[in-house]
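Respectively, the protein sequence lines represent chains Y and B.
The working numbering puts the first residue of the first sequence at 9, with every later residue one more than the last.
The working numbering puts the first residue of the second sequence at 579, with every later residue one more than the last.
Think of the hints as simulated: they come from the structure by calculation, not from any bench.
Idealized CB from N, CA, C, for every residue including glycine.
Treat the hints with care, as some may be off.
[Stated by the list, open to error] In silico EDC-like pairs for lysine to aspartate or glutamate, Cα to Cα no more than 20 Å straight-line:
| no. | chain 1 | residue 1 | chain 2 | residue 2 |
| --- | --- | --- | --- | --- |
| 1 | Y | Lys282 | B | Asp670 |
| 2 | Y | Lys265 | B | Glu729 |
| 3 | B | Lys778 | B | Asp824 |
| 4 | Y | Lys156 | Y | Glu233 |
| 5 | B | Lys726 | Y | Asp267 |
| 6 | Y | Lys265 | Y | Glu196 |
| 7 | B | Lys778 | B | Glu626 |
| 8 | Y | Lys273 | B | Asp670 |
| 9 | Y | Lys265 | B | Glu688 |
| 10 | Y | Lys273 | B | Glu688 |
| 11 | Y | Lys281 | B | Glu688 |
| 12 | Y | Lys265 | B | Glu755 |
| 13 | Y | Lys282 | B | Glu688 |
| 14 | B | Lys695 | B | Glu705 |
| 15 | Y | Lys285 | B | Glu688 |
| 16 | Y | Lys282 | Y | Asp267 |
| 17 | B | Lys600 | B | Glu617 |
[Claimed, not checked] Here are a few chain B residues that face chain Y, going by a calculated C-beta distance under 8 Å:
| no. | residue |
| --- | --- |
| 18 | Ala647 |
| 19 | Leu649 |
| 20 | Pro667 |
| 21 | Gly668 |
| 22 | Pro669 |
| 23 | Val673 |
| 24 | Phe675 |
| 25 | Ser679 |
| 26 | Phe681 |
| 27 | Pro682 |
| 28 | Trp683 |
| 29 | Leu692 |
| 30 | Gly693 |
| 31 | Ser728 |
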Amino acid sequence: MSDIGISTKAMGKSGVTFSPLKVLKGFIPKLDTKAIVKNALISLASILLFVLLWHLGANYLFNIEATAKIEKARTEQGAEAAAQMEACILSGDVSCQPNTLPSPQQVIVAAQNLWADHLSISAKKTAFKAKVATTNADRKAQGLKPIKYTGRPSFIDQILTSIKTVFAGFLLAMFIAIPIGIITGLNENLKTAFNWLIQIFKPVSPVVWLLLVFMIVKTLIRDPELDKSFIIAAISVGLCAMWATLVNTSLGVSSVKTDYMNVAKVLQLSLGKKIFKIIIPSSIPLIFTGLRITVSVAWMVLIAIELLAQSPGLGSFVWEEFQNGANDSNAKIIVAMFVIGIIGFLLDRVMLFVQQSVSFETQ
Amino acid sequence: MTAGSITHPSAASLRDVMLNIKDLTKIYPTPKGDYVVLEDLQLQIMKEEFVSIIGHSGCGKTTLLTMIAGLNNISGGNIFLNEFPIAGPGPDRGVIFQAPSLFPWMTALENVLLGVKQVFPHASKGEQKDICKYYLSKVGLEDAFHKKASELSQGMQQRVGIARAFALRPKILLLDEPFGMLDSLTRAALQDVLLEVWEKEKITAIQITHDVDEAIFLANRIIMMTSGPRAQVGDILNIEFERPRDRKEILNHPDYYHYRKHLIDFLEH
Ligand SMILES: Nc1ncnc2c1ncn2[C@@H]1O[C@H](COP(=O)(O)OP(=O)(O)O)[C@@H](O)[C@H]1O
Ligand SMILES: [Mg+2]
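One chain only, chain Y, in its complex shape (with noise of 0.2 Å):
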């Protein structure tokens, strides 16, 4: 009669302990270099060919402007101008460049140019607190505010803030979806008060849930020292964002496996128990599979609310970029746009690994 149990008090004696999932964990990671080299290739063959098309793309889309451009100076000016416009084109001359889709080396050029920006703007911000030491400490003694630095932000400042703002936003979203749906999870006469306006507001876009934030803080806050503009962003990007955790936090709260609540009833316990140590951890991986989702919409509202709210940020800074129409603007669009990408996909990886840590359903 071969026992677990009897393998159990074995394996503890030599110092292992036993346990199947743990015994199966150590096989899976067992990393497949081979496989790990080809899928590295593949990725690489594949940049590469995306880059080269990009490359092919921009070089036929800048020859169709050029083409136009020499064709508008010659019906407009005459043969001469348009001999002139092909000369300034070819000698590669900001003031006559076709305006159109970049290619990756000028992309390439703009993402260092925006370093170097950031490094000047560092430099100067350094030079400035180094500047006003004195007087901030002087002001700090008589209960007078600090003199801050007042300059243009920076590319890296623009991403520090959108993140900040994101996460302001996916914080209220936390805070107000979560309580929401357990309690919507729990009640179903709530669920019934609070289907319609869910249903109804989920739909609504991200530029309408800005305006009625906009109306209501521009009320409410009258302040001048507090960031208006940063606020109304985070509360719009919350708003927008919280449905999915909300719907997933009622779902999970709301079909908690009828065995666990037969435990709960036949060991009676009290409605706070029954809540706290039984339906919320419970429901804990839905609720956080709600809020990966809620981050990458955030995320991706977040550009479009920051540009409508001129809030400061990627969304800002793309849109001045593109209003602003200097030779070197299109590049920097493209490097916030794969920016933008990069840290998305970060935000939804670390979520990832959070709701992988939380979750406690045996693979």
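On the provided structure of chain Y, position chain B with the ligands as indicated by the hints.
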């Protein structure tokens, strides 16, 4: 109160009846009309008795057990526990479900402790934990107190389930095919564990099973249910083996095959 009263049911006074099921009827309303699962079912279960219920799948065994547990409404008749009609679920009837249904986010100890705290609210924290540790050790889990339930194998989870039920010190223990999901080696090991703990505690137990050998090995009496709908108690078989029981001795006992034949004849009709 004495064990002797079990072997002489005729001498049983009302005081020795732990569970008295009278005219029990269960009707499930379905879209196609009412479905009568049980009708006028009568059954008495004595103190310190181990009863197995056997019957074809779908005849209403789980329905009967969940009604005793108070998790399922009674459509007609009554269930008396110690002469009082049962009302709702409670820790005086410990249940071991087919799926272990431990809370996977808790450790083995925490799973047992949750119930112990409910039943012994005035005991100190240390005493409560000692109760849990005692029963977990009894089921062979002295090395797994602090393992998360989700890290345990099915068999070990069901051991925790057994410890959890016994630790409540219930009046009656209800087991619904508790080993049905386990492989046969683990099942045999757990039957031994269950019997060992039960023989110490002598808590009245009702176990549903579809395993004829398991029923003979564990039970004082085997209740055979007729096939549904309108299922009732079809036949009752007393198992007279001495306790404590030893699997090998029982398998070699001449009565074993008579019991087995009796049960299989019933089930095949
Ligand atoms: N909640 C329910 N509603 C309707 N019918 C049910 C319900 N639960 C069980 N039944 C039916 O009652 C019968 C008995 O079920 P059950 O007690 O689970 O049988 P057993 O445990 O003996 O296999 C089955 O035919 C089943 O389909
Ligand atoms: Mg069943």
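Results for each hint:
no. : hint                : in the structure
1   : Y:Lys282 / B:Asp670 : 19 Å, holds
2   : Y:Lys265 / B:Glu729 : 19 Å, holds
3   : B:Lys778 / B:Asp824 : 15 Å, holds
4   : Y:Lys156 / Y:Glu233 : 13 Å, holds
5   : B:Lys726 / Y:Asp267 : 18 Å, holds
6   : Y:Lys265 / Y:Glu196 : 17 Å, holds
7   : B:Lys778 / B:Glu626 : 11 Å, holds
8   : Y:Lys273 / B:Asp670 : 12 Å, holds
9   : Y:Lys265 / B:Glu688 : 19 Å, holds
10  : Y:Lys273 / B:Glu688 : 17 Å, holds
11  : Y:Lys281 / B:Glu688 : 14 Å, holds
12  : Y:Lys265 / B:Glu755 : 19 Å, holds
13  : Y:Lys282 / B:Glu688 : 15 Å, holds
14  : B:Lys695 / B:Glu705 : 10 Å, holds
15  : Y:Lys285 / B:Glu688 : 11 Å, holds
16  : Y:Lys282 / Y:Asp267 : 13 Å, holds
17  : B:Lys600 / B:Glu617 : 10 Å, holds
18  : Ala647              : 7 Å, holds
19  : Leu649              : 5 Å, holds
20  : Pro667              : 4 Å, holds
21  : Gly668              : 6 Å, holds
22  : Pro669              : 6 Å, holds
23  : Val673              : 5 Å, holds
24  : Phe675              : 6 Å, holds
25  : Ser679              : 4 Å, holds
26  : Phe681              : 7 Å, holds
27  : Pro682              : 4 Å, holds
28  : Trp683              : 5 Å, holds
29  : Leu692              : 7 Å, holds
30  : Gly693              : 5 Å, holds
31  : Ser728              : 5 Å, holds
Comparing the model with each earlier hint shows no violations; every hint is respected.
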